[in-house]
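J.: These are the residues of each chain, in order.
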Amino acid sequence: MARKGSFDRALVLRACVDSFVKLDPRVLVRNPVMFVVEIGMLVTLALTFDPSLFGSAVRPGGAAGARGYDLVVTIILLVTLLFGNFAEALAEGRGKAQAESLRRTKTELMANVLRDGRYERIPASDLRKGDVVKVVAGELIPADGDVVEGIGSVDESAITGESAPVIRGAGGDFSSVTGGTKLLSDELVIRVTANPGETFLDRMIALVEGASRQKTPNEIALSVLLAGLTLIFLIVIDCLPPIAKGLGAHIDVATLVALLVCLIPTTIGALLSAIGIAGMDRVIRFNVIAKSGKAVEAAGDVDTLILDKTGTITIGNRLASAFLPVQGVDERALAEKAALCSLFDETPEGRSVVDLARQMGLTFRREDYADARNVEFSADTRMSGLDLPDGTRLRKGAADAIKRYVAEQGGDLPGDLDAVVERVAKEGGTPLVVAENQRLYGVIYLKDIVKPGIRERFEELRKMGIRTIMCTGDNPMTAATIAREAGVDEFVAEAKPEDKMRLIRREQEQGRLVAMSGDGTNDAPALAQADVGLAMQSGTQAAKEAANMVDLDSDPTKLIEVVAIGKQLLITRGAITTFSIANDVAKHFAIIPAMFTSFLPALGALNVMHLTSPRSAILSALIFNAIIIPLLIPLAMRGVKYRPTTAMQMLMRNLLLYGVGGVIAPFVGIKMIDIILHALGAV
Amino acid sequence: MTASGIFAIFLVVLALVACGWPLGGYIYRTFAGERTWTDAVAVPVERAIYRLIGVNPDVEMDWKAYLRAMMVSNLVMALFAYAVFRLQAVLPLNPAHIPAMPPYLAFNTAASFITNTNWQNYAGEQSLSYLSQMIGITFLQFTSAATGLAAAMAFLRGMSRQKTDALGNFWVDLVRAHTRLLLPIAAILAVLLLALGVPETLSGPAVVHTLSGSMQTIARGPVATLEAIKQLGTNGGGFFNANSAHPFEDPNAWTCILEIMGMGLIPTALVFTAGYFLRSRRLAIVLCTLLGAILLAGAYLVYAYEAAGNPILAHALGLHGPNMEGKEVRFGLPLTSLFVAATTAYTTGAVNAMHDSLMPMSGMVPLLFMMFNLIFGGKGVGLLNILMFLIIAVFISGLMVGRTPEIFGKKIEAREMKLATAAMLVHPFVILVPTAIAMALPSARASMGNPGLHGFTEVLYAFTSAAANNGSAFAGLNGNTPFYNISIGLVMLFGRYVSIIAMLAIAGSLAGKARIPETSGTLKVDTFAFGYVFVAVFVIVGALTFFPYLALGPIGEQLQLG
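Going down the list, the sequences are from chains F and S.
Residues in the first sequence are numbered consecutively from 1, following my numbering.
Residues in the second sequence are numbered consecutively from 1, following my numbering.
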């Protein structure tokens, strides 16, 4: 799903067709800026048929070729409209294609539903909330639901794009299944949790298609401003003819329309909805389903991120980071014993012990111990290890378990053991004690490993003014260590689900917007309370219901990226608005002298760009106004480049680029178009 | 241009800022209900007034109630003034036996003074009795200034409070604006003017024998008191037709400086008051620096063009030297130039030179300042315009930092944008539409004092002045016709109240919002970086819209001169 997709040939072709369909005034009226352009085009079209419709047929530069001039203006306006429509159609296109394939999946669905104790086969669209269905291996799951019986592997690639199957089973936090996904093994009995039209698939179709797309609050506010600006320029233009007439000057209607279209913010007007759709699309391509555009926008505003420690900040497994021998034991000796007792231990912890020993230059080969017996960890003994054929028994495990084990065999407990164990615990690690028969060697320091790069991410977030709060069930000591290592701003240790809720409320009371991710049912209230709640696709139905976004990859770290996408969406909107408004300066200088030139030749001094002729000046400005739209489509679709920095640095950078750039660019662009027009002999 | 002239202008502006800062703090303490050194005298007076008008000063109003009180009080006062003007012939204090004002003119005059515009389609000494000058004109000059001030204070409260609907009590604000600010400062100013030679009398016009042996009637009256509030309240409506060019209103260079200080004092102070309310001294410094720089630039532009003189005279007659037409020698070019810029920047409208006689480009400076309507601006309403454009600038550029735009912790959403856009829209609307109508009507065109571009500038100036509630006239245009009396009257009313209503509604909605704590991700409004954005936005959105008209007016005229 790389960028290439956005300019796919079929999509472009379809967008071209849609651009014409969208010329329908009933569609266009929703966009006041472009609607004004359309009205203008109709006026100049009428003038093309009858150049003296509004009186004189004199155009800038003389009466000759009035009809041609009107026609050219009409065509440029038409092209302007088509460019705007094309941008929107292109942005919608990808979603539409995706929606179609999803819809195909949906229509094929059949269900085995339990009715009066027997299973009947009915179309999935007849399923209701509370129905119980049975799915066997190889079938598509007909609707969203919770597994009530059985366990099986499910291929969710139709929704997540992830081909590795996932396990779903009754009870616990992995019981939810989604309609349209495929059961690969075993049998599941599922209670349906969504009525037709409300399923995840339905919502996803509506979302990608943009059918349920409502203008987001910020988009509405911006539309109001754009409509206001359009109205101002309508007044400015409408008042010109009587005043000019009073002064004995004549301004023709086609030129007035040209001036109007150049001055109203057509660039942002044309691209506004494309920016919004593309922003949503970026979220979808990122494998996050946002239930509304509002949620994406809110993500940009987030002040506080609440993150679970395990799986988000740390990689979730504890890894060996040091060997701490007790008195009288060599570190290498401890390492050797530790590695040996972990040799066949397939857990990440076990493997990390062997890896650490290898890093110290020790070598082990499993083949050499083929006849040894691996002792798996059990909750009973809280130990694991290896029994060698010569009777040597190696053990590692929780401190008290090993201590008991050694004591039982009559071994001595080294005096400094407790101190070492305590030190590890104090530093937030987990101590694993190693023993060989009755001899105690020392401690393996298992550490919660902070994900690589996460510290830098938090640093970036802090620059953007976003605070991070870590929630963990660990004791305060362990939590403090991880918090320090990861660089979070605050942490809550021994957190219970209610604590998260309290935390969110506290932050919100201080006026902050809060985002969090979660997957369990007990996360649901907090997800609903948070301004941005990201649920994991692997999580429970309740969590997914409560959140306003679902991550299909079930990666809680994505919350950070969602924030970035939200910000990028707003920045893109602001940048193109600024650019559009800044463009007006040059357009004034192109058109005003040209418009009044016959009446007030002295105004030629304002023709700072030295444009060839009045007609060329007006047409160049108008052409620039049109082609800037397709030139900015990639920017609108991709979003303005976004680097996490402080607000003021971001403001300065974007202002220089889009504000100052927006003032300068049209001076250059209009001049170039003028030169080209002149060279072609067109004017 | 001379170095001393340039320095003099700079010095006066600097003095304004220097006086504005402490006064801004005092205004803040007064309207935030904190203790001030005037409490000892003012509190008992205010208590008596509240008891008299039956107001409980402790009850605060939401924005609708505040607005209602403001509109009702303004309506009553306007009707009262209208009645006085219409009945002045039969009322006392009319030693010159001036007849009643005709209805259209009385409407225009009442609208003009209730809106703090002071557009005068009449000559004060010939059309108004002393009573009308005092309880019609001077009265409204106080109350209209106080009304604008109150609206600005309500807005600042709305912006600085959170989760409330209370914006203060209009009656309390109105009373305090008088007792704490306008009356004391006006009294000091009047005494100073009196000392510097401005007359103050209730006797009728003086009849004197001139040196050449003929008789002359010299108009006089209670000038010093009116002059004080005329300047202080950014009113501008003079006692005499010649306004501050008249030797009785503004006898010398010192009174001229005093009058410039008078009109600039409170609007400059209010920028600092805003800084105090919003807990940001930086905001005040940034705004004051940028707006002060624009004011200076305007004054220097006028100075430069006037000092260069008229190129046609130079070419045709070989006459070099500054353009002194319509200016008073006793003020000189620098003070005249600063007065021209200041009277429109502060939307006062007093004039000490004929703006009609300025070189076209210098004539564009007052026109442009009134189109901006926020180079400090008028009493209170200037600050409201500044805040309105701050909101719009924050909205446009605030998006570029990737957050929903917010100003001082308050989110700008669709409702605020609707209202701010309406407030922004009304200004070009009430300037351009009536100008277009006037230019289309032969009868209205006949009022123009000059043909062609200059005549058009006169009309454009008239409506711009009315819309900005400035009141200065380009002169040349005969405004005392039914068309202009009514149209200018309406423009003044819409120009003032639409934006006040919209801004109070915004204040109401901002007050209800919780304040979002500032982080490094927040756009900081009180920085020079954002200050430039603010200037760019009001120049491009607020003034560039008028570019075609300026091209047809002053710019075209100047270019024609060569």
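Bear in mind the hints are in silico, worked out from the structure with no lab data behind them.
Please note that the accuracy of each hint is not assured.
[As the list claims (entries may be wrong)] Here are some of the chain F residues that sit facing chain S, going by a computed Cβ distance under 10 Å:
hint : residue
1    : I235
2    : G566
3    : V585
4    : V668
Don't be surprised by glycine CBs; every beta carbon is placed ideally from N, CA and C.
J.: Run every hint past the structure and note whether it holds.
T.: Hint check results:
1. I235: 6 Å, holds
2. G566: 7 Å, holds
3. V585: 7 Å, holds
4. V668: Violated, because the Cβ-Cβ distance from V668 (chain F) to chain S comes to roughly 18 Å (cut-off 10 Å).
The structure shown violates just one earlier hint, number 4.
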